[in-house]
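Student: Take a look at the letters that make up each chain.
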Amino acid sequence: MSNSYYEFFCPVKVIAGKAALEHIPYELSGLAAKRPMIVTDKGVRAAGLLDPVIAACEESGLEIISIYDDVPPDSSTTVVRDIAAVYRKEKCDSIIAIGGGSAIDTGKAVNILVSEGGDDIAKYTGAGVLKRPLKPFLVVPTTAGTGSEVTSIAVITDEKKGVKLPFTSSYLLPNAAVIDPRMTLTLPPHITAATAMDAMTHAIESFTCMAKNPLSDAYAAAAIKKVSRSLLQVMDNPKDSDGRLELAQASTMAGIAFSNSMVGLVHSLGHATGAICHLPHGLCMSLYLPYVLEYNLETIREPLSELLLYLEGPEVYAATPSSRRAEASISALRKLRDALYKRCKLPRTLKETGKVTEDQLDQIAEMALDDGSIMFNPKEVNLKDARAVLQRAWA
Amino acid sequence: MLAKRIQPMASQAKRLYVELMFQVMGRALQAVSEVDSEVQGEARTLPERFLFEMMVMPDGSKLIVEHIGDGRFHYHGNSAPRPVDVSIKFKHLTHAFLVLSFQEKTSVAFANDRMLVDGDVSYAVRMTRVLNRLEAFILPKIIAERAVKEYPANLHLPEKLISAAQIYLKVATHFVQTVRA
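Going down the list, the sequences are from chains A and B.
Quick note: the first sequence, position 282, residue 296 per the numbering used here, numbers continuous.
Quick note: the second sequence, position 4, residue 209 per the numbering used here, numbers continuous.
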């Protein structure tokens, strides 16, 4: 299962904890940046999450030159071009992306245009196109799940062609990721649950799929432990800032893990379901996770058994016979999903979502087979297999 | 001293082996698309005139095939008539040798970052399935199991033997035609 060769790369400075936002001016000054632009969305602004960032900068005499707060949930090439135009007009010299996956991906794409020049972001699609460092770029995540602050990929929709353009380069990584519990304190319960399960899935797939390696394993195991310990605490007490910080750190650690070891069938099915049924990504992850682990079980028994220690703690691990630990890990995840359903009705089956019909399952299975992450699933998947997993996840 | 003398020869041997394997695989891809309905089904969803390349970086051996429609591939040798749509690039000759000598599965090579995909990943995934199917046909089961993630359970000996014979015959015919031309 484990590889005799691996690569691991994460040059992002992680700034995490109390008053982390107040480090932004210092970090920017260290990068010789004096005219930052904020890229965010309306929800983040309406929630008042820009205020502490702006205050932190003003207190250090750093003026935010421009704020673009109209990033849509599914960012497009037009949006990227428009933001780049504002950046150039205002003579900005750095970018602070504040938000979830879409705002962060948009920040990465804008950074390509303002660093490399031109208005056509499609020119830079693919892997390894960028050959030099981009402008100073900081990321402040406002959800605890995507891990985009430590991944070297961005996905932007080309509206004219109706396709999603992937951009992959280590130069897309931000100079620093700022993890401050204030930024996730007001996340509503169902988003807290779905995004945390997204982080949990990143970590579990990272730990059980084909490109796992000792370094990504360490990050993944730590992330699983943090989510297992803190998620229900935060659900019961949303203002628990220590718990919020634990989830935010878990998301970043899971992001570091999966960006160095990739993910598998849960993501293939989740991407297809998101595209066809427009369900949120985190919800899809939570929904498919136990069914895919059951499908992969005999190929991942050893690492999945090990995860019981991080999911349930040393007492349960020690009390469970080694031959039953893999199944016990899946049970622990099912128990967690039941607890989340009880607290915020996070769906556990496709039927419970109310947004998927049974006749869409064939289409989802077909699309999932062409998803890049299926390459890294430890067990081969054909159309019949994918359909069978979907049927189990149906109800 | 001896090792230093042998190294260039070993490197040259690897280069020749990879070159030969690409020539066999390219022709076999064309052949399998004429023989197997499952491969034709996979290929049919690719755009017509779709060009697929496998190559060794930076400018080593390569194989190029084109989807000419109706699930059929045409082998172009090592030169493409126009820019390719998807390229799977081995980072080094040694990595290509590991995969093509069945010491490392294609899926493991992807997981080990031995190769890059340039172009639409979904097409690359589809072409990898076609390559796996081809390997399952033309290699003895014991070797094919080293090449693919999972040997297809529904591929039984009579079907495998008949298809392999057809593919090898077509590959040999293509080689002869190339030499004559």
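Hints were generated in silico from the structure; no laboratory data involved.
Only a predicted model underlies this, so the values are computations on that prediction, with no experimental measurement involved.
Just to be clear, a hint being listed does not mean it is correct.
To be verified - Part of the chain A face toward chain B, derived, beta carbon under 7 Å:
no. : residue
1   : Tyr19
2   : Phe23
3   : Gly140
4   : Leu144
5   : Pro147
6   : Ala225
7   : Asp254
8   : Met389
Said to hold, decoys possible - Below 20 Å or equal to it, Euclidean Cα-Cα: the simulated PhoX-like pairs (lysine-lysine) are:
no. : chain 1 : residue 1 : chain 2 : residue 2
9   : A       : Lys149    : A       : Lys48
10  : A       : Lys393    : B       : Lys296
11  : A       : Lys137    : A       : Lys174
12  : A       : Lys137    : A       : Lys105
13  : A       : Lys145    : B       : Lys296
14  : A       : Lys27     : A       : Lys149
15  : B       : Lys365    : B       : Lys354
16  : B       : Lys346    : A       : Lys393
17  : A       : Lys398    : B       : Lys354
18  : A       : Lys137    : A       : Lys48
Said to hold, decoys possible - Under 8 Å between C-beta atoms, here's a sample of chain B residues computed to sit facing chain A:
no. : residue
19  : Val240
20  : Leu321
21  : Asp323
22  : Ser327
23  : Arg331
24  : Arg351
25  : Glu355
Positions of the beta carbon are idealized from the N, C-alpha and C atoms, including for glycine.
Student: Are the hints correct? Go through all of them and say.
Tutor: Here is how each hint holds up against the structure:
1. A distance limit of 7 Å between C-beta atoms decides the matter here; for Tyr19 (chain A) the minimum to chain B is near 5 Å, and the interface restraint holds.
2. Here the hint on Phe23 (chain A) is broken, as its CB sits about 10 Å from the closest CB of chain B, past 7 Å.
3. Hint on Gly140 (chain A) holds. Least Cβ distance to chain B is approximately 6 Å, under the 7 Å limit.
4. Given the 7 Å rule on beta carbons, the hint for Leu144 (chain A) is violated: about 14 Å separates it from the nearest Cβ of chain B.
5. Nearest Cβ of chain B to the Cβ of Pro147 (chain A): about 20 Å, over the 7 Å cut. The hint is violated.
6. Checking Ala225 (chain A) against chain B by beta carbon gives a least distance of about 4 Å; that is within 7 Å, so the hint holds.
7. The beta carbon of Asp254 (chain A) comes no nearer than 38 Å to any beta carbon in chain B, farther than 7 Å, and the hint placing it at the interface is violated.
8. The restraint placing Met389 (chain A) at the interface with chain B holds, with a minimum CB-CB distance near 5 Å, inside the 7 Å limit.
9. Note on Lys149 (chain A) and Lys48 (chain A): the hinted pairing holds, with a Cα-Cα distance of about 12 Å set against a maximum of 20 Å.
10. Taking the CA atoms of Lys393 (chain A) and Lys296 (chain B), the gap is near 25 Å; set against the 20 Å cutoff, the hint is violated.
11. Restraint check: the Cα-Cα separation between Lys137 (chain A) and Lys174 (chain A) comes to about 14 Å, which is no more than 20 Å; the hinted pair holds.
12. Taken as a hint, the Lys137 (chain A) and Lys105 (chain A) pair is broken in the structure, with Cα atoms around 23 Å apart against an allowance of 20 Å.
13. Between Lys145 (chain A) and Lys296 (chain B) the CA atoms are separated by roughly 17 Å; this keeps the pair inside 20 Å, and the hint holds.
14. Distance hint between Lys27 (chain A) and Lys149 (chain A) is fulfilled; the C-alpha atoms sit about 16 Å from each other, no more than 20 Å.
15. For the hint pairing Lys365 (chain B) with Lys354 (chain B), the CA-to-CA distance comes to about 18 Å; that is within 20 Å, so the pair holds.
16. Between Lys346 (chain B) and Lys393 (chain A) the CA atoms are separated by roughly 18 Å; this keeps the pair inside 20 Å, and the hint holds.
17. Proposed proximity of Lys398 (chain A) and Lys354 (chain B) is supported: the alpha carbons are some 17 Å apart, at most 20 Å.
18. Restraint check: the Cα-Cα separation between Lys137 (chain A) and Lys48 (chain A) comes to about 29 Å, which exceeds 20 Å; the hinted pair is violated.
19. For Val240 (chain B), the interface hint is violated, since its Cβ never comes within 8 Å of a Cβ in chain A; the closest pair sits about 20 Å apart.
20. Given hint, Leu321 (chain B) at the interface with chain A, holds; its Cβ is 6 Å from that chain's nearest Cβ, closer than 8 Å.
21. With its C-beta approaching chain A no nearer than about 6 Å, Asp323 (chain B) sits inside the 8 Å limit, and its interface hint holds.
22. For the restraint placing Ser327 (chain B) at the interface with chain A, the shortest Cβ-Cβ distance is roughly 4 Å, inside the 8 Å limit, so the hint holds.
23. The interface hint given for Arg331 (chain B) holds, since its Cβ lies 6 Å from the closest Cβ of chain A, which is under the 8 Å cut-off.
24. A distance limit of 8 Å between C-beta atoms decides the matter here; for Arg351 (chain B) the minimum to chain A is near 14 Å, and the interface restraint is violated.
25. Evaluation of the Glu355 (chain B) hint against chain A yields a held restraint, the C-beta minimum of about 4 Å falling below 8 Å.
The structure fails hints 2, 4, 5, 7, 10, 12, 18, 19, 24 (numbered hints given earlier, in ascending order).
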